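Could you build all of it, start to finish, from the sequences and the hints given here?
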Amino acid sequence: MSDVTFGKSQRTSKVWIALKRFDKNDDRVVALRDVSFPLPAEPTTVRQIITSAFGLDASDIIFKIRNHHGRLIPLNSSIPANSKHIPYVLEVAKIFQHVYPKPRTIPMTMISKRMNTRLQTIDRRKHNLSTHIQRLEDLLPHIKLRRNEKLSQEIECLNQKLRFLHKRMQVADSHSWKGVLTRAPLW
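So the sequence shown is residues 429 to 615, counted in our numbering.
It is worth saying that the hints were derived from the structure and are not from the lab. The structure presented is a predicted model; accordingly, all values stated were derived computationally and were not measured. Even glycine gets a Cβ: it sits at the ideal position worked out from N, Cα and C. Incorrect hints may appear among the rest.
What the hints assert, rightly or not - Taking CB as the label site, the calculated pair distances span:
#1 R439 - G498: 25 to 31 angstroms
#2 H496 - T440: 55 to 61 angstroms
#3 S540 - P508: 50 to 56 angstroms
#4 N576 - M597: 16 to 22 angstroms
#5 R439 - K530: 19 to 25 angstroms
#6 R461 - D488: 18 to 24 angstroms
#7 I477 - P529: 32 to 38 angstroms
#8 R591 - D551: 18 to 24 angstroms
#9 S506 - T533: 39 to 45 angstroms
#10 D566 - T545: 56 to 62 angstroms
#11 S506 - P529: 33 to 39 angstroms
#12 R494 - P529: 23 to 29 angstroms
Below is the structure:
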């Protein structure tokens, strides 16, 4: 079983890793080792520790680490602990080893026709936008004048309302209380 040891200055984690060398066209497990690394380690440090544990040349290879379900897991220091009977599988592959380009399925005439129609559409949009911008630039002085006129109308309307309210307040202030009700209240 893997374990986590607590040292005086640093915690380390030990995981079991099985190695598959796809870069050598070998899909069977080549080696099984326990690898220890410090827990707060950078992914590059973990990669260097794994490289030195298995004696790999990491210049032109890619590491893929999978759990026991076959799913990819991130190669960092927070890899959960495992056992020797259920190790992680480290797949070593060349760069772009599993990438196979497909032959061209669309003829060049179709591509050129599509490109021409796409270019024409872009050109039409560019023309429409330029005419729209030109119209807006032509209307800009008129828009400013309309805005100023509307603002002055709204200010004048507010001034009229303020004058009316001011008159009402003066009328309300002019009345005074005589201290006697002329009629009895109805309550």
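Going down the list of hints, with the structure as the test:
For the pair R439 and G498, the beta carbons lie near 29 angstroms from each other, so the given range of 25 to 31 angstroms is met. A hinted range of 55 to 61 angstroms is violated for the C-beta pair H496 and T440, which are about 22 angstroms apart. For S540 paired with P508, a C-beta distance near 54 angstroms keeps the hint of 50 to 56 angstroms intact. Under the hint 16 to 22 angstroms, the C-beta atoms of N576 and M597, about 31 angstroms apart, miss the expected range.
The supplied range of 19 to 25 angstroms is broken by R439 and K530, whose beta-carbon atoms lie about 48 angstroms from each other. A C-beta distance of roughly 22 angstroms is found between R461 and D488, which places it inside the suggested range of 18 to 24 angstroms. Taking the beta carbon of each, I477 and P529 are about 35 angstroms apart, inside 32 to 38 angstroms as hinted. At roughly 59 angstroms, the beta carbons of R591 and D551 sit outside the given window of 18 to 24 angstroms.
Distance hint check for S506 and T533: the Cβ-Cβ separation is about 43 angstroms, which falls inside the suggested range of 39 to 45 angstroms. Checking the proposed 56 to 62 angstroms range against D566 and T545 shows it is violated: the Cβ atoms sit about 32 angstroms from each other. Separation of S506 from P529 is about 36 angstroms and conforms to the stated range, judged on CB atoms against 33 to 39 angstroms. The hinted window of 23 to 29 angstroms between R494 and P529 holds, with their beta carbons roughly 25 angstroms apart.
Violated hints, listed in ascending order, are 2, 4, 5, 8, 10; each of the other numbered hints is respected by the structure.
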